[in-house]
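Student: Sequence:
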Amino acid sequence: MRFPDFFKCAKRPIISFEIFPPKTEKALENLLQVIPELIELSPDYITVTYGAMGSTREKTLEIASLIKQHYNMETACHLTCVGASQREIDNILIRIYKAGIQNIVALRGDPPRGERNFNAPADGYSYAYQLVEHIRRFERTFIGQENFFGIAVAGYPEKHIEAPSLEEDILHLKRKVEAGADIVITQLFFNNEFYFNFVTKAKASNISVPIIPGLMPIVSVRQIKRITSMCGATIPPSLQEELEEAIDDDEKASEIGIRQCIKQARELLESGVPGLHFYVLNKSQHISRIMSAIKPYIYPRS
Numbered sequence: 002m003r004f005p006d007f008f009k010c011a012k013r014p015i016i017s018f019e020i021f022p023p024k025t026e027k028a029l030e031n032l033l034q035v036i037p038e039l040i041e042l043s044p045d046y047i048t049v050t051y052g053a054m055g056s057t058r059e060k061t062l063e064i065a066s067l068i069k070q071h072y073n074m075e076t077a078c079h080l081t082c083v084g085a086s087q088r089e090i091d092n093i094l095i096r097i098y099k100a101g102i103q104n105i106v107a108l109r110g111d112p113p114r115g116e117r118n119f120n121a122p123a124d125g126y127s128y129a130y131q132l133v134e135h136i137r138r139f140e141r142t143f144i145g146q147e148n149f150f151g152i153a154v155a156g157y158p159e160k161h162i163e164a165p166s167l168e169e170d171i172l173h174l175k176r177k178v179e180a181g182a183d184i185v186i187t188q189l190f191f192n193n194e195f196y197f198n199f200v201t202k203a204k205a206s207n208i209s210v211p212i213i214p215g216l217m218p219i220v221s222v223r224q225i226k227r228i229t230s231m232c233g234a235t236i237p238p239s240l241q242e243e244l245e246e247a248i249d250d251d252e253k254a255s256e257i258g259i260r261q262c263i264k265q266a267r268e269l270l271e272s273g274v275p276g277l278h279f280y281v282l283n284k285s286q287h288i289s290r291i292m293s294a295i296k297p298y299i300y301p302r303s
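Quick note on the working numbering: the sequence shown kicks off at 2 and runs consecutively.
None of these hints come from the bench; they were simulated from the model.
Please note: incorrect hints may appear among the correct ones.
Claimed, not checked - Ranges of calculated distance between the beta carbons of each label pair, as one might list FRET restraints:
#1 Glu268 with Phe143: 40 to 50 Å
#2 Thr235 with Ala205: 41 to 51 Å
#3 Glu89 with Thr25: 24 to 34 Å
Said to hold, decoys possible - Simulated pairs of lysine-lysine, DSSO-like, Cα-Cα distance not exceeding 27 Å:
#4 Lys296 with Lys9
#5 Lys204 with Lys253
#6 Lys296 with Lys284
#7 Lys24 with Lys284
#8 Lys226 with Lys160
#9 Lys264 with Lys284
#10 Lys9 with Lys226
#11 Lys99 with Lys9
#12 Lys12 with Lys204
#13 Lys253 with Lys9
#14 Lys12 with Lys253
#15 Lys226 with Lys253
#16 Lys296 with Lys264
#17 Lys160 with Lys99
#18 Lys12 with Lys60
#19 Lys160 with Lys264
#20 Lys202 with Lys160
#21 Lys202 with Lys175
#22 Lys160 with Lys175
#23 Lys253 with Lys27
#24 Lys204 with Lys226
#25 Lys202 with Lys12
#26 Lys99 with Lys296
#27 Lys202 with Lys253
#28 Lys60 with Lys284
All residues carry an ideal CB built from backbone N, CA and C; glycine is no exception.
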């Protein structure tokens with residue numbers, strides 16, 4: 002099932018999880034134990050990220066294929082412009098197609114660590130909309146079927162860290178949608194007003210595809226500070242104060258994060274969002290508690 006099929010005439014919010022391919026064998030073993038625990042929570046699909054410079058490219062497809070074929074769970078491979086020529090992108094798309102995976106999260110990707118600016122590889126792309134266009138061309142020329150893949154792209158409620166303004170960033174988003182994106186999944190945020198404002202501005206720019214809020218439960222103060230410093234997301238002052246008291250206590254930070262995430266998710270679901278996308282950080286215990294708390298909002302009694 003493709004991304005747009007999930008949201009077409011959906012009778013409830015669509016729930017998805019995002020995991021990442023580990024870099025070590027031990028971490029991979031841990032993830033393989035976590036995957037069935039995540040599937041028990043009944044997400045509609047799971048996306049698998051793609052390491053910098055394609056560093057986990059093989060594992061991305063391997064894990065996505067496992068979820069699709071062994072667990073019969075819909076999945077999506079992330080694909081970025083980083084370190085890939087057009088021919089390499091074609092080769093990856095062929096493998097995704099042959100694996101029976103019908104969804105792709107198309108991203109520009111971040112500059113390699115230590116570099117401030119994104120530099121397109123030789124015969125590669127500089128922007129996500131170009132990658133989306135490439136995927137749509139690939140469908141026509143290689144598969145012979147238009148819109149074979151469901152394509153998700155990223156949205157930034159607080160604007161992309163490189164964008165001069167939110168308005169300018171939404172113009173970039175519109176270009177990705179016009180290139181063929183089916184849905185938008187947002188970057189993490191901790192104040193729902195950013196999301197509501199983002200959706201309002203996107204609709205005013207005639208962006209009509211589903212915009213799915215992305216939520217990341219906090220599991221460690223140092224980790225979330227590192228992540229937000231890289232992506233430009235802000236932490237509200239009241240939440241920041243709570244986290245400062247748990248800077249050396251991951252258990253306490255996790256409790257704060259679970260409570261924050263439940264609060265955000267409930268408000269978003271009550272507002273009628275088309276779905277929720279959780280960045281689960283390859284863990285199941287915290288997302289299990291969150292899903293239990295929001296289940297009545299996803300499956301309300303008739």
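Student: Each hint: holds or not?
Tutor: These are the hints, each one checked on the structure:
1. Glu268 with Phe143: 40 to 50 Å: Holds: the Cβ-Cβ distance is about 43 Å, inside 40 to 50 Å.
2. Thr235 with Ala205: 41 to 51 Å: violated, 23 Å
3. Glu89 with Thr25: 24 to 34 Å: Check passed, 25 Å falls within 24 to 34 Å.
4. Lys296 with Lys9: Measuring from Cα to Cα gives roughly 21 Å; hence the hint holds.
5. Lys204 with Lys253: Given pair Lys204, Lys253 is violated - Cα atoms ~39 Å apart, limit 27 Å.
6. Lys296 with Lys284: Distance ~19 Å between Lys296 and Lys284 Cα, so the pair holds.
7. Lys24 with Lys284: holds, 15 Å
8. Lys226 with Lys160: Measuring from Cα to Cα gives roughly 18 Å; hence the hint holds.
9. Lys264 with Lys284: holds, 20 Å
10. Lys9 with Lys226: violated, 37 Å
11. Lys99 with Lys9: holds, 26 Å
12. Lys12 with Lys204: This hinted pair holds, its Cα atoms lying about 22 Å apart.
13. Lys253 with Lys9: violated, 40 Å
14. Lys12 with Lys253: violated, 36 Å
15. Lys226 with Lys253: holds, 16 Å
16. Lys296 with Lys264: Holds, at about 13 Å.
17. Lys160 with Lys99: violated, 36 Å
18. Lys12 with Lys60: Cα-Cα ~34 Å, so violated.
19. Lys160 with Lys264: holds, 23 Å
20. Lys202 with Lys160: holds, 12 Å
21. Lys202 with Lys175: holds, 11 Å
22. Lys160 with Lys175: holds, 13 Å
23. Lys253 with Lys27: It holds: about 26 Å lies between the C-alpha atoms, which stays within 27 Å.
24. Lys204 with Lys226: violated, 31 Å
25. Lys202 with Lys12: holds, 25 Å
26. Lys99 with Lys296: violated, 35 Å
27. Lys202 with Lys253: With a Cα-Cα distance of about 36 Å, the restraint between Lys202 and Lys253 is violated, given a limit of 27 Å.
28. Lys60 with Lys284: Holds: Lys60 and Lys284 sit about 18 Å apart, inside 27 Å.
This entry does not satisfy hints 2, 5, 10, 13, 14, 17, 18, 24, 26 and 27, going by the numbered hints stated previously.
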